[in-house]
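Given next are the chains, with one letter for each unit.
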Amino acid sequence: MEKSVNAIMPGLCARVVVKEGDKISKGQEVAVINCMKTEISITSESSGVVKKVLAKEWDDLQVDDPMVIIETEE
Amino acid sequence: MISKILIANRGEIVSRIIKTCKEMNISTVAVYSEADKQAPYLEDADETVLIGPANPVQSYLNFETIIDAARQTNAEALHPGYGFLSERGTFAEAVQQAGIIWMGPSPQVLKAISSKCYCRKLVDEVQVPVIPGTLDLVQNANDVIDYGNNHVWPVFIKLDKGGGGKGIERVNGENDADEVFQRAKSIGEMAFGSGDCYIEEIVENSRHIEIQFLADQHGNCVCLGERECSVQRRHQKIIEEAPSLVVTKNDRSMLFDRTVKIVQKMGYYGAGTIEFLRSEDGNYYFMEINARLQVEHPVTEYLTGVDIVKWQILIASKKTLDFTQQTVKFDGHAIEARVYAEDPETFIPSPGTITDLKFPEQDPKIRIDHALKANAVVPPYYDPMLAKVIAWDIDRKSASNRLIKALTEFQIKGVKTTIPVNLKILKSMEYQEGNIDTSFIDNSL
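If you read the sequences in order, they're chains A and B. When the letters of the first sequence are read in order and numbered with the working numbering, they come out as residues 2 to 75. When the letters of the second sequence are read in order and numbered with the working numbering, they come out as residues 1244 to 1688.
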């Protein structure tokens, strides 16, 4: 099943720390958002494989914007 | 005399600079990004220029569009404010090459002092103590291990080009040296374009004391007293005051002497601040020089009556300081509280829209520097500081009571603010007794 990992804060995408094909576990950091000069870690709520990276550095993000798509194990 | 200044910044500092320019009959140009289109201070400027999208790299950090805006509007001088490009030597150089007066230290000085090791060496040469550590860069984890084993653990790895509280990493011992060294290096490369590091020992229970100075282009340097900025969260200041409770008359005159020595050795002119760390046993160590107007400058303006922005403009116009160390007077006590758009418990940023706003009752002994209005957007792209509330009174107790009253009346709705934390600090027994150090928020609240 596909699940997206979304921005939990508005701001600029500082970096995406995973790439397509990476195996990730629940709670793992997948990206970082810079909100008001503070780095906010974005973590995955489920384990799986990174299917698609949607966000890139400097993207202007709103809350709930999808950043990474995960193919989950369930 | 300069007749038009472009202000290359955003937020409260734009209003602050415009205020002095108006008093001096200087016209102003404010620049803004698309995220700041509705910013209230734009109404106060004589002209405004859109310089790009919300992303600061394409707007407030963009050399070309800012210099173009100055050319377009025939601004004779550029004031960089604080943060953004204010201490960037290459920007200062580009501004000067465009025939525009730069309001700050020379590009050569800015470039040199961007290296903390350069500063540490220079300060050591004039026999002023620096925080114990290395004067040179460390090349690898082995250098860190050698230092720790020969001197003390734990130590800090600090970035040579770091700032804003970023890139200060603690190494507890031999085992984590490599990991921490690599982390500091990569933070440095990402955030500051340089992974160069050096070592500083950790001064426990230290207090942050800084000296504000003005130096003209004719070799005169006058100190405007100290500010104590020990109350910090994440190495960033939240409450500042002057005078400091721990700085004695002798300390003060020693710190003034040290400051003048360092400033003259650097060939620095303009307004600036030298930060010292005061150890528990009362020794002062040079920490760094801030080559800009500082956020907390109003504290000093209240005590001395000197308009620091006015002197930045006059110094850039090659005027000579018209006062000396002997004629500067320090009167009463001033305390500043910085109000951030952050959750007061977790300090997580809180961008949004201000739905409701009520300022404290007007009071000649309260100064509020801000960029607020009802329905204004607090964008997520920039610094979270919303306002500074500064109180003055004849003594510390009265100033702190006045500040507590003002902060209690200050209502900002729609975004979370640190006002509750400011109040908690000011009302705490530790603060009232002056028992504060840089770990105060972590340990006492």
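Any given hint might turn out to be false.
Simulated restraints on C-beta separations [unchecked claim]:
hint: 1; chain 1: A; residue 1: S48; chain 2: B; residue 2: E1523; range: 46 to 56 Å
hint: 2; chain 1: A; residue 1: Q29; chain 2: B; residue 2: G1525; range: 20 to 30 Å
hint: 3; chain 1: A; residue 1: S48; chain 2: B; residue 2: L1380; range: 55 to 65 Å
Cross-link-like lysine-lysine pairs, in silico, DSS-like; alpha carbons within 30 Å at most [stated by the list, open to error]:
hint: 4; chain 1: B; residue 1: K1667; chain 2: B; residue 2: K1656
hint: 5; chain 1: B; residue 1: K1280; chain 2: A; residue 2: K57
hint: 6; chain 1: B; residue 1: K1428; chain 2: A; residue 2: K27
hint: 7; chain 1: B; residue 1: K1616; chain 2: A; residue 2: K38
Some chain B residues near chain A, calculated using beta-carbon distances under 8 Å [stated by the list, open to error]:
hint: 8; residue: A1297
hint: 9; residue: F1306
hint: 10; residue: E1307
hint: 11; residue: P1592
hint: 12; residue: A1619
hint: 13; residue: P1623
hint: 14; residue: P1627
It should be emphasised that the hints constitute simulated quantities derived from the structure, not laboratory data. This structure is a prediction, so every number in the text was calculated from the model and none was measured. All C-beta atoms in this analysis are idealised placements derived from N, C-alpha and C, irrespective of residue type, glycine included.
Hint check results:
no.	hint	result
1	S48(A) x E1523(B): 46 to 56 Å	holds (49 Å)
2	Q29(A) x G1525(B): 20 to 30 Å	violated (48 Å)
3	S48(A) x L1380(B): 55 to 65 Å	violated (42 Å)
4	K1667(B) x K1656(B)	holds (19 Å)
5	K1280(B) x K57(A)	holds (25 Å)
6	K1428(B) x K27(A)	holds (28 Å)
7	K1616(B) x K38(A)	holds (22 Å)
8	A1297	holds (6 Å)
9	F1306	violated (17 Å)
10	E1307	violated (18 Å)
11	P1592	holds (4 Å)
12	A1619	violated (15 Å)
13	P1623	holds (4 Å)
14	P1627	holds (4 Å)
Checked against the numbered hints above, the structure breaks hints 2, 3, 9, 10, 12 and satisfies the rest.
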